[in-house]
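Enquirer: For reference, the chains in residue letters:
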Amino acid sequence: MTLPPSACRTMHVHFLDPYRPGDSPVHRLDGRVKFLLAVAFILAISLTPPTAWPVHLLFLALLLSVEILAGLGLGYVWRRAALALPFALAALPLVFTRGEEILLALPASAPRLAVYAEGLERFVSVVIKSLLSIQVAMVLVACTPFPQLLQAMRGVGVPRLLVAMFGMMWRYLFVLVDEALRLLRARAARAGQVADRRAGGRLLWRARVTGGMAGSLFLRGFERSERIYAAMLARGYDGETRALPLPPLSASAWAALIMGFGLLSLLLTLGFLGWG
Amino acid sequence: MHHSIEIEHLSFSYPDGRQALRDVSLHIAPGEKVALVGPNGAGKSTLLLHLNGILRGHTGWVRVCGMEVNEQNLGRVRAAVGLVFQNPDDQLFSPTVFDDVAFGPIYQGLPPSEVEERVRAALQAVHMEGYTSRLSHHLSAGEKKRIAIATVLSMQPEVLALDEPTAGLDPRARRGLINLLRDLPLTMLVATHDLAMVRELLPRMIIMDEGRVVAEGPTEALIRDTALIAAHGLEA
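From first to last, the protein sequence lines stand for chains B and C.
Residues 1 to 276, numbered by my numbering, are exactly what the first sequence covers, in order.
Residues 277 to 512, numbered by my numbering, are exactly what the second sequence covers, in order.
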């Protein structure tokens, strides 16, 4: 995570929250349905055979329609999704190791390197799949306020302890970033300069100061967690998180869920029948 | 002869749109000790952050020790104004007391012998000699506050700007701090709710509310005006 340069000039951090308020059908859909469909989408596209290019296209079309329906702005979603691209590079070795048919043999390399057709196909497929999966997750968090998302996870049976951990992380991430911001500000306030001396100190010293700041941030986070835990115990926490039950799904939510599942299974079946 | 702090028609709003300062003007002469009081959210801390350019006003200007606070002067302004934050945990970001107090002088590029001398003098000024190798993390609230003040004294500033210096201190630590501040021969602007301290230490008072300066004058006269004090959520 990087802080924008203007971050030191604000009192609190707001820019981390990916939620984009809106009033689209996607925003209004029950959080449980959105969560299940997003997970199902990721599962379906991961299981699609790598050479089923037309099915990849259909998944993309489905995703684009949802994005347009949600009114998020395609630029926003794609820019954010591009951040995940470097991780797809982990699949790059596939290009050189997978398959029989040699597309391109790199001359004068020892050990001999060659680009294989099957490996290349797999790599491209992995890149497309990860781009689409990331975007589904982006749409999910951009159209669902985080507390509602937590509720939805609890509602569909994600282990409560896990949900509680997500919730805590979300709550205190902002506190931690605010704290880091105040440290940076305190450092800036003492970064003075006097006449005819070069300000800034040596690089090594600056690195040590920054290391010290990271360390004290960690210590404080650790101590805060102890205090929070004590406060939870004081209010009767016994290791079990409880929540009020959620209302049952409405008829239209059920319809959306069944349609979504139907569509995804259709695409997946198509992929297996044609290219499996 | 320039003023230590000159602020003219300063307005500022945060990126979320909340207007924190509205047309603030004030002057503080060298050596003057001034209180900045007002309810929470009145804009006191925001104003202090303008004194060394952490925040920059949208209109109006701030001049410190004759230097306009702008991009070119930022380093020199920060050397001239010692800003002591409300929470000493923010101020003390290094592992040991020595590292923290030495940060300013080292950053300014002073030679090691002078850095050590500055640290020694600063710790002596806050009566904390012998704490150099202590861990900042393990000090009491009162000790942290003194060290926080030492971290700016080591820069030999001309102006000391303090945000709520007595908040969270026990009576003995508070008393020690007041005596300490009285003995420091610096220009001071102190944002606080502690009117008893103001009365004792700071002969002039500025009252802020909703981002504006609503009153300023001799502390005794303002505190006697009980209607004014109550109208701005204060208690004498």
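Be aware that a few hints might be false.
What the hints assert, rightly or not - Label-pair ranges, simulated between beta-carbon atoms:
| id | chain 1 | residue 1 | chain 2 | residue 2 | range |
| --- | --- | --- | --- | --- | --- |
| 1 | B | Ala230 | C | Gly293 | 34 to 44 Å |
| 2 | B | Ala214 | C | Arg396 | 41 to 51 Å |
| 3 | B | Arg160 | C | Pro388 | 31 to 41 Å |
| 4 | C | Pro494 | B | Glu226 | 25 to 35 Å |
| 5 | C | Gly293 | B | Val127 | 35 to 45 Å |
| 6 | C | Ala417 | B | Val127 | 47 to 57 Å |
Said to hold, decoys possible - Only some residues are given here: those of chain B computed to face chain C with a beta carbon under 8 Å:
| id | residue |
| --- | --- |
| 7 | Arg98 |
| 8 | Gly99 |
| 9 | Gln193 |
| 10 | Gly201 |
| 11 | Gly212 |
Hints in this document: simulated from the structure, not taken from any laboratory.
Note that beta-carbon positions come from the ideal geometry of N, C-alpha and C, so glycine has one too.
Enquirer: The structure should be examined with respect to each hint, and the outcome stated for every one.
Expert: Comparing the hints with the structure gives:
1. Distance hint check: the CB atoms of Ala230 of chain B and Gly293 of chain C are about 37 Å apart, consistent with the given range 34 to 44 Å.
2. At roughly 28 Å, the beta carbons of Ala214 of chain B and Arg396 of chain C sit outside the given window of 41 to 51 Å.
3. The hinted window of 31 to 41 Å between Arg160 of chain B and Pro388 of chain C is violated, with their beta carbons roughly 56 Å apart.
4. Distance hint check for Pro494 of chain C and Glu226 of chain B: the Cβ-Cβ separation is about 48 Å, which falls outside the suggested range of 25 to 35 Å.
5. The hint said 35 to 45 Å for the Cβ distance between Gly293 of chain C and Val127 of chain B, and at roughly 41 Å that hint holds.
6. In this structure, Ala417 of chain C and Val127 of chain B meet the distance hint of 47 to 57 Å, their C-beta atoms being roughly 54 Å apart.
7. Here the hint on Arg98 of chain B is broken, as its CB sits about 50 Å from the closest CB of chain C, past 8 Å.
8. Interface restraint check for Gly99 of chain B: the shortest CB-CB distance to chain C comes to about 53 Å, outside 8 Å, so the restraint is violated.
9. For Gln193 of chain B, the shortest C-beta to C-beta distance to chain C is roughly 3 Å, which falls under 8 Å, so the interface hint holds.
10. Satisfaction of the interface hint for Gly201 of chain B is found here, the shortest Cβ-Cβ separation to chain C being roughly 5 Å, below the 8 Å cut-off.
11. Here the hint on Gly212 of chain B is kept, as its CB sits about 5 Å from the closest CB of chain C, short of 8 Å.
Going through the hint list in order, the structure does not satisfy hints 2, 3, 4, 7, 8.
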